[in-house]
Amino acid sequence: MAIAVRVPELGESVANGTIARWLVKEGDRVAVDQPLVEITTDKVDAEIPAPVAGVISALLAAEGETVDVGAEIARIEEGASAATGAPAAKPVSAARPSAAPKPAAAAPARQPETPAPDAGRASPMAKRAAEDAGLSLGSVTGSGVSGRVMKADVEAARSARESAPPARSAAEPLPALAAKAPAKRSAASRAAQEAETKARFGSYAIQEGDRVIPMSPLRKLVAEHMVYSKRTSPHVGTVAEIDMGGVAAVRDAQKRAFEEANGFGLTFLPFIVHAAVRALREFPALNASVLEEAIVEKRDIHIGIATETDKGLVVPVVRNADRLSLAGLAAAIEDLANRARNRKLTADELKGGTFTISNPGRKGNLYGFAIINQPQVGILRMGEMVKRPVVRSVGGQDAIAIRPMMHLALSYDHRAVDGAPANGFLFRVRELLEEAEFDL
Amino acid sequence: MANAIEISWLGSVRYGAALERQLAAIEARRAGGPDQLLLLEHPAVVTLGRGSKPENLLTPRAQLAARGVEVHEIARGGDVTLHAPGQLVGYLVADLAARGARDVALWLRGIEASLIEALGELGVPSRRVEGMTGVFVDAPGTARKIASIGVGMRRWITYHGFALNVSLDLAGFADIVPCGLSGVTMTSLAREQRRALALGSAEERAYFAHARERVAAAFERALA
Chain A
221 MAIAVRVPEL GESVANGTIA RWLVKEGDRV AVDQPLVEIT TDKVDAEIPA
271 PVAGVISALL AAEGETVDVG AEIARIEEGA SAATGAPAAK PVSAARPSAA
321 PKPAAAAPAR QPETPAPDAG RASPMAKRAA EDAGLSLGSV TGSGVSGRVM
371 KADVEAARSA RESAPPARSA AEPLPALAAK APAKRSAASR AAQEAETKAR
421 FGSYAIQEGD RVIPMSPLRK LVAEHMVYSK RTSPHVGTVA EIDMGGVAAV
471 RDAQKRAFEE ANGFGLTFLP FIVHAAVRAL REFPALNASV LEEAIVEKRD
521 IHIGIATETD KGLVVPVVRN ADRLSLAGLA AAIEDLANRA RNRKLTADEL
571 KGGTFTISNP GRKGNLYGFA IINQPQVGIL RMGEMVKRPV VRSVGGQDAI
621 AIRPMMHLAL SYDHRAVDGA PANGFLFRVR ELLEEAEFDL
Chain B
3 MANAIEISWL GSVRYGAALE RQLAAIEARR AGGPDQLLLL EHPAVVTLGR
53 GSKPENLLTP RAQLAARGVE VHEIARGGDV TLHAPGQLVG YLVADLAARG
103 ARDVALWLRG IEASLIEALG ELGVPSRRVE GMTGVFVDAP GTARKIASIG
153 VGMRRWITYH GFALNVSLDL AGFADIVPCG LSGVTMTSLA REQRRALALG
203 SAEERAYFAH ARERVAAAFE RALA
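In order, the protein sequences belong to chains A and B.
Taking our numbering, I'd label the letters of the first sequence as residues 221 to 660.
Taking our numbering, I'd label the letters of the second sequence as residues 3 to 226.
No wet-lab data here; the hints were simulated from the structure.
Please read these numbers as outputs of a predicted model, since none were measured by experiment.
Each residue gets a CB set at the ideal place from its N, CA and C atoms; glycine is no exception.
Careful, some of the hints might be misleading.
Covered stretches of chain B (chain A as the covering partner; in silico rule of three or more C-beta atoms under 8 Å from a C-beta of chain A) [unchecked claim]:
# : region
1 : 40–53
2 : 66–80
3 : 85–97
4 : 111–118
5 : 125–132
Could you put the whole structure together from the sequences, leaning on the hints where they help?
See below:
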């Protein structure tokens with residue numbers, strides 16, 4: 221039966237690779253695990269082994285071609301060593317005529333095999349030894365260069381058979397088992413399992429009158445990112461309540477002069493970004509990424525500003541935000557927001573963020589926990605500013621004051637960031653905003 | 003799952019011998035031995051990875067051979083690069099499956115991160131460049147490459163690895179378009195620190211050894 225050889229999963233972010241070199245050609249007999257092809261992705265050249273023993277019935281991609289993860293790149297006609305009776309008796313189901321030696325392979329599996337002709341895959345001594353032992357070379361794993369079968373391999377297979385329970389010829393069942401196991405791991409069966417889970421938890425049958433909106437490419441990307449982020453980072457949320465009175469005072473004092481000088485209004489967002497950036501310098505654990513077994517605290521601070529556009533959510537990045545003054549930040553944010561809405565952002569401006577700030581709007585938004593923008597480890601979300609009675613200590617006496625209060629909510633990745641640094645960071649943001657020492 | 007990494011310094015090893023060492027290390031790993039980091043230097047050799055284009059080898063092989071520079075085509079990712087004395091070569095034979103880390107991109111990023119960490123300790127800030135594997139040092143208007151990376155993999159056991167320019171003679175790179183990147187200048191630790199070191203002198207050897215120790219320590223922290 222024809223077994224597909226597919227490009228394996230090479231990593232979360234790896235979607236494809238390039239066929240660098242075929243190590244076999246159509247018609248070659250291969251052992252299980254024998255290297256078939258080298259696939260390169262970025263600077264890694266990975267040897268892909270055969271999932272089963274058999275004969276290469278088809279090569280489906282050429283050297284130099286780019287192939288997606290999961291794509292079928294070759295087919296192997298499982299060799300005589302397959303223990304299943306009837307299917308093995310069917311000749312080549314893949315439409316390749318190169319399988320001339322195969323009719324010998326179609327014989328029932330339990331009898332001693334005549335070795336199939338396979339020049340080059342086994343040494344002459346090995347072929348002779350296999351013949352003597354009544355073993356099929358296709359079922360012997362080679363220890364020589366590129367899986368070449370050596371005489372010692374045949375001897376080993378023969379003594380394995382001799383020490384095995386007499387009812388079976390030991391060389392045959394093993395490749396069949398090996399054939400089953402890789403199939404379980406294949407991308408195809410994982411997809412089938414997911415489909416089963418989906419079906420169990422219910423999907424939705426469209427009714428007349430429903431409005432069906434096909435997902436735009438941006439929507440699909442956002443959806444994929446959100447699922448990926450939640451699946452990757454264990455999110456923990458923490459909230460602080462900020463007295464924005466100081467910031468409001470600075471803004472009120474400066475806003476007319478600012479607008480005249482710059483041509484756009486001064487909002488609260490640059491103040492929050494400014495404070496967050498200073499706090500990130502003191503708490504670098506929040507300006508980091510998680511690698512496989514390391515955490516990278518980044519040298520630079522590039523702040524993503526989550527922006528809603530009519531097409532969907534985009535997150536342009538203010539680079540080196542720590543080198544900008546409050547006015548500089550305001551200008552950068554304004555420029556990025558405008559260009560985001562006019563769809564004039566470049567690809568570079570959407571990449572490389574080290575931390576993200578989200579301002580989803582004032583109405584119905586006391587606070588909320590945003591989803592981390594991968595591969596970052598933290599995201600700060602602004603809530604609405606509301607005048608509230610709060611207790612303030614004045615000259616040793618508690619009194620009620622009416623202050624503009626805002627909740628700032630931090631979501632952080634608990635793989636890399638623990639509660640203490642997360643809360644420390646958020647508290648520092650609060651301190652900076654409440655001290656309100658801003659210098660336009 | 004306990005991870006183990008055995009780090010060894012092999013001194014100057016010819017390319018072919020080092021490749022055999024790596025292949026033996028892969029077999030040893032398969033048989034249950036530890037992951038290994040082999041640190042070494044190579045006599046001048048040009049290697050062509052699976053990504054290489056023939057036009058990136060600027061000097062014909064015959065001429066290189068006449069100068070005693072070997073040329074090897076090898077099963078690692080990446081284009082053409084040069085190894086020479088004064089460059090710290092690290093071959094990482096690691097079982098990514100056993101580490102629960104079946105992700106080739108993350109492996110590359112991890113190698114970069116350890117090199118960046120070591121370089122930081124040695125006083126040279128460096129970084130990644132998005133879209134280019136390797137380690138770079140910022141310079142006015144550009145970035146210079148200080149370390150190259152190219153990895154091979156057999157059933158999730160890696161080999162090959164990185165080459166960090168410590169004190170080598172950068173003139174050798176004139177024979178190739180390094181890694182196929184024509185806009186990129188190569189640099190070295192010594193150049194970034196404005197140290198003029200005569201290859202083979204006691205001073206240069208001490209400098210090289212110090213860099214090697216920092217690199218070994220960084221990888222040990224990351225992989226042990």
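Take the region 125–132 of chain B, compare each residue's beta carbon with every beta carbon of chain A, and decide whether three or more fall closer than 8 Å. Since 3 is at least three, the answer is holds.
For the region 85–97 of chain B, does the count of residues with a C-beta closer than 8 Å to a C-beta of chain A reach 3? Result for this restraint: violated, n = 0.
With a Cβ-Cβ cutoff of 8 Å, does the region 111–118 of chain B contain at least three residues near chain A? holds (count 4)
Please count how many residues of the region 40–53 of chain B have a CB within 8 Å of a CB from chain A and say whether that reaches 3. Holds: 3 residues of the region 40–53 of chain B have a Cβ under 8 Å from chain A.
If you count the residues of the region 66–80 of chain B with a beta-carbon closer than 8 Å to a beta-carbon of chain A, do you get 3 or more? As far as the region 66–80 of chain B goes, the hint holds, because 4 residues have Cβ atoms under 8 Å from chain A.
The structure shown violates just one earlier hint, number 3.
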